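Asker: What follows is the residue order along each chain.
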Amino acid sequence: MSAAGGVPGSGHEVPGGTWRGISFEDRMSTVEFRVGERAHITVDSDVCRSCTTKACVTACPANLFAPTSEGGILFNYEECFECGTCYMVCNHEGAITWTYPDGGLGVVFHHG
Amino acid sequence: MGKADVVPTPGVSSDTPAFDAVVVGAGPAGSATALALARAGRSVVLVERGPFPGSKNVYGGVVYGRVLDEVVPGWWNEVPVERWVVRRSTMMMTGTQSLAVDYRSAAWGEAPYNGMTTVRSRFDNWLATKAVEAGAQLVTSTVATGLLRDGHGRIVGVRTDRDQGELRANVVVACDGVNSLLAKEAGLMAPAEASHHTLGVKEVLDLPGHVIDERFGLRRDEGVDIEMLGCTRGIPGGGFLYTNSDTVSLGVVLSLPHLAEAKVRPEELIADLKNHPSVAPYLRGATLREYAAHLIPEGGYDTMPTMVTDGMLVAGDAAAMTLAAGLWLEGVNFAIGSGLAAGRAVDRAIAAGDCSAKGLASYRSDLEGQFVLADHKRFRKAPALVLSERIQQRYPGLICDLVDGMFTVTNPVPKPGGVRLTRSVAAKHGVKLRQLAADTVRALRVFG
Ligand SMILES: Cc1cc2nc3c(=O)[nH]c(=O)nc-3n(C[C@H](O)[C@H](O)[C@H](O)COP(=O)(O)OP(=O)(O)OC[C@H]3O[C@@H](n4cnc5c(N)ncnc54)[C@H](O)[C@@H]3O)c2cc1C
Ligand code: SF4
Ligand code: SF4
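Chains as they are written, first to last, in this note's numbering: chain Y, 1 to 112; chain Z, 1001 to 1448.
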């Protein structure tokens, strides 16, 4: 259909329709991710241990930063919007290494 | 037309550039740059990291298309439009109240139109196709991972994540969006400053077209644009609602440092908005089709990077060109305008045989002479005003309460006089009449 050959597909239908009712999982299941093998973002949990704000935890729109019981952070790169919020709100040098996924991989928006 | 899976044979070993220009990012800025250059007969390769143009991009959104008049005459006959915006509403709200200024124009529903709703997977693809038809080579699924420099430090191309994927060119045009890793690598932009950025989160909701028509008072192809202030729990920002053909886009825009500090999750603020008594009835029965998030460079004129260096230009969001001054949220038209100007400047520089910063300097003066930098310069103080504490946290409630005081009938108590009402409402919201007057004057200055 286009120069690049991409076909914006149809999204998922989410049953129900009351907003508070949508679980975060259902919300994220509406987004297409072509997950690559390389983690394009890494988090150094040792640095996070000394962080008092843990700003990433609530600000990341994909909710990918999970605080651990030892005061660190468990991070999963797979369902990431590649937005940049995390490295901008983090004020600990070296905590986050941020790159883009390899070409063609990562999030694919159809209704952006 | 290229479903370009193959990186064009680069001049790996030779010093001669394979292209006149390599443009990084097939968003509106990059495709406009490539279009202008291809039209001028220059060889240009357009590199996009997503599988198709638009696949990484998120906006509200409304595109104001008039910037295309010259390059794609009659663009409105072929652009992938959802609806033409004929109604624009600005809403001030509290958790339970809202006051809207609602403007409707029949002229906006006729060519050449004003704004259109469209989705980026289709719009960006369309514009990239225009560039390809003009002769640009589009390479998707390819990340520009860094800059190539010659012995003098001059930028001479980009590295990509393809095998042997070096692309050499006379000029690199960085149209790589808000996070612009290339502008940072080139030293044109300081490390990202959270306070100059907002996070936009958006839900696209399925709703049948005829239901949208009825609920929003629209006829087929007509659309509405609603901007909202006061709906983000005091976090500087705002909300938006746009009608597409069979979907509605609803979202909030949030100042990054304040979002981080508030410890609120962004999707909770969308949920607030969807449950607001002024919004919920519009969306009854709508279901989530896609959730999305993206940053906006909101700092405006005073936060823009240096736009030109030896062998490289920066355009669009990579140069912080979104005009996000409360009443406006326009970035696509600014990206296209700056891309076209970048293309012209590169063409001139190559013709003159000087692609140094000096040879490319006409880019900046071109932008100053047209809306791109003229609008930004005029409204350079607007971001600070619009994101200020009183505008964000006090005025929406103050204004709603003023209107409430005027329209709530309190018989047998007589109606309050205007001055007394204003004073008491202002006091309730912690604003002095003196500040109200000063802010009015300031607003007139900033927007006047
Ligand atoms: C929530 C929200 C609402 C908005 N609402 C509106 C609106 O209603 N109207 C409006 O006009 N504007 C709106 N904007 C602003 C608008 O989206 C941007 O201003 C516009 O997209 C900028 O275009 P661009 O081409 O500069 O950058 P982008 O559209 O971001 O394009 C950059 C491109 O570069 C690619 N890229 C990045 N890095 C690399 C790399 N290293 N290698 C290869 N490719 C790369 C990306 O994949 C992307 O395709 C909104 C923005 C947001 C976030
Ligand atoms: S990533 Fe940054 S903000 Fe998040 S916990 Fe670690 S140091 Fe703190
Ligand atoms: S880039 Fe955005 S979505 Fe991805 S981890 Fe960072 S904040 Fe979360």
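One or more hints might be untrue.
[What the hints assert, rightly or not] Taking lysine to any residue and the SDA-like style, the derived pairs with C-alpha atoms no more than 20 angstroms apart in a straight line are:
{"id": "1", "chain 1": "Y", "residue 1": "54", "chain 2": "Z", "residue 2": "1184"}
{"id": "2", "chain 1": "Z", "residue 1": "1274", "chain 2": "Y", "residue 2": "28"}
{"id": "3", "chain 1": "Z", "residue 1": "1274", "chain 2": "Y", "residue 2": "25"}
{"id": "4", "chain 1": "Z", "residue 1": "1184", "chain 2": "Y", "residue 2": "98"}
Hints are computed from structural coordinates only; laboratory data are not their basis.
In this text the structure is predicted, and so the values were computed from the model without any measurement.
Asker: Give a verdict on every hint.
Answerer: Going down the list of hints, with the structure as the test:
{"no.": "1", "hint": "Y:54 <-> Z:1184", "result": "violated (26 angstroms)"}
{"no.": "2", "hint": "Z:1274 <-> Y:28", "result": "holds (18 angstroms)"}
{"no.": "3", "hint": "Z:1274 <-> Y:25", "result": "holds (19 angstroms)"}
{"no.": "4", "hint": "Z:1184 <-> Y:98", "result": "holds (13 angstroms)"}
Hint compliance for this structure: hint 1 alone is broken.
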